[in-house]
Amino acid sequence: MKLARLLNRLEVRRLQTPQDRSLKTVQDMEIQSVHCRAQDVQAGGLFVAISGFAADGHDYVDQALERGATAVVAQRPLARDAVVVQVNDSRRALALLSSEFYGRPSERMVLVGITGTNGKTTTAYLIESILAHHGLSAGVIGTINYRFGGQAFDNPVTTPESIDLQRILAEMRDHGVSHVVMEVSSHALALNRIHDCYLDIGVFTNLTKDHLDFHRTMDAYWSSKKRMFTECLGPENPKAKKTAVIHVSDPKGRELSRAFSGDIIATGFDSGAAVHPIQSQLDRRGISVRLSTPRGPMGIRSTLVGPHNLANLMSAVGVGLALGIPGGTIAGGIEKLGAVPGRLEPVSDPKGRFIYVDYAHTPDALDHVIGALSGLGAGRIICLFGCGGDRDRTKRPEMGHIAARRCDVAVVTSDNPRTEPPLEIIEEILQGVRKETVSELSPSDLGDDPGRRGFIVEPDRKQAIRMAITAARPGDIVLIAGKGHEPYQLIGTETVPFDDRKEAESALKEINAKR
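Residue numbers (this note's numbering): 1 to 515.
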């Protein structure tokens, strides 16, 4: 692709050319690839220098040129005898260049974006199941992986950098995918990763406290979330029909529904929402609900557990309605979906303990998951959790307080400590735990008196899982929270293999063999 075609998408402040090349020669240069990581640059590539969390791409321009970069896009002047395109915002430029280079793939497929603090992954799985049940070729980009055509690929972040995102969308387009479901993180919105992605449907699930290490304030966090609706579903979007599916039981959802000027399908627990429950039964077997919808009543059964998953289910129904999918097909697609990886995913125990692994890593998510489990009519709730290092510290005491208040036993352990000392993270969690009148327990306390309430500290997550399951009796619930589907633990700068589900299964085998 000629450089001139790519530059037509940008607001160029200054085009710097080498002394031995004319402007026409530069504009006619063929660009073979687009990159934002200098180590990935190939001969004939275009390097876009962006400022990252740990490094600034402008410091790696020489490396990119040495590796064969034909031109560089940057935010500041560069004293190089090379083709340098200066722009105001290199992240925005990267998104536009990536989209153009890959043929604007989002314009060729139906694109559904999901944003919100919690529920994105489960909602994406539900929508994917509905699309598949309707016979459509669907792709998904999300927290667990990106997948299409029966294949799944690792995805290190919820929403990839724009160059990677556009490449993935182009792969899906070229393999015949007609509909893409994409989880959209607040980081991606703030960093322009999905700029020039044109949505057909935008879904808002909820907004609660998270990512304040990045956004600093809740107002900034909320502003990032809104951008999906004001920009990706805004006036610049060339698609003929654009719909927002908004969960209006959330206060920010109600605010968004009042501000959005396009078509809206409101979902919620109150009768004022277009999609709301008429009758519902929630138990250990899942959800049985009769919904009121704009097309009439819709009966649905799902193996998902808890009121928060009923909210996710209604969001998926809203998307199905927006796409014109028949009600019976929507219900059938939801009913076909089994457990979502790491989202209240059960670990089977023949001895009658109810063990669940869940990704809940925010105060609101932990509160909702514990609330869902407490309504199952079982025995005690033993909750194991920690908090991530090098991330929002303000939620640590909040999560500790929730666990101590709502659970019979809170097992405080490590999550992904990263470069923070695990015991320092745990101490911040305990500040919230100690707001409740609960005692610190020892492992022997749990075994001697299964009726005792309190908390226990075990920094080793492997040992903590064994401790929690050992303490449980038939009928008790063990919630292993925080990491969900993740097959690793981040300790220092190392990525260590670790899967809560496998650890729970291993612990069960050992414990049950002794009893």
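Among the clues, some could well be false.
What the hints assert, rightly or not - Heads up, simulated DMTMM-like pairs for lysine to aspartate or glutamate below, C-alpha to C-alpha not over 25 Å straight-line:
1) Lys-336 / Glu-255
2) Lys-209 / Asp-164
3) Lys-462 / Glu-503
4) Lys-514 / Asp-499
What the hints assert, rightly or not - Per label pair, the in silico range of CB-to-CB distance:
5) Thr-230 / Pro-251: 34 to 44 Å
6) Gly-299 / Gly-475: 42 to 52 Å
7) Gly-176 / Lys-24: 31 to 41 Å
No wet-lab data here; the hints were simulated from the structure. Since the model is a prediction, treat every value here as computed from it, not as a measurement. Note that beta-carbon positions come from the ideal geometry of N, C-alpha and C, so glycine has one too.
Verification of the hints:
1. Between Lys-336 and Glu-255 the CA atoms are separated by roughly 33 Å; this puts the pair beyond 25 Å, and the hint is violated.
2. As the CA atoms of Lys-209 and Asp-164 are separated by approximately 28 Å, the hinted pair breaks the 25 Å bound.
3. For the proposed pair Lys-462 and Glu-503, the alpha carbon gap of about 7 Å is at most 25 Å, so the pair holds.
4. Taken as a hint, the Lys-514 and Asp-499 pair is honoured in the structure, with Cα atoms around 23 Å apart against an allowance of 25 Å.
5. Judged by the Cβ atoms, the range 34 to 44 Å given for Thr-230 and Pro-251 is violated: they are separated by roughly 19 Å.
6. For the pair Gly-299 and Gly-475, the supplied restraint of 42 to 52 Å is violated, since their beta-carbon distance comes to about 31 Å.
7. Judged by the Cβ atoms, the range 31 to 41 Å given for Gly-176 and Lys-24 holds: they are separated by roughly 39 Å.
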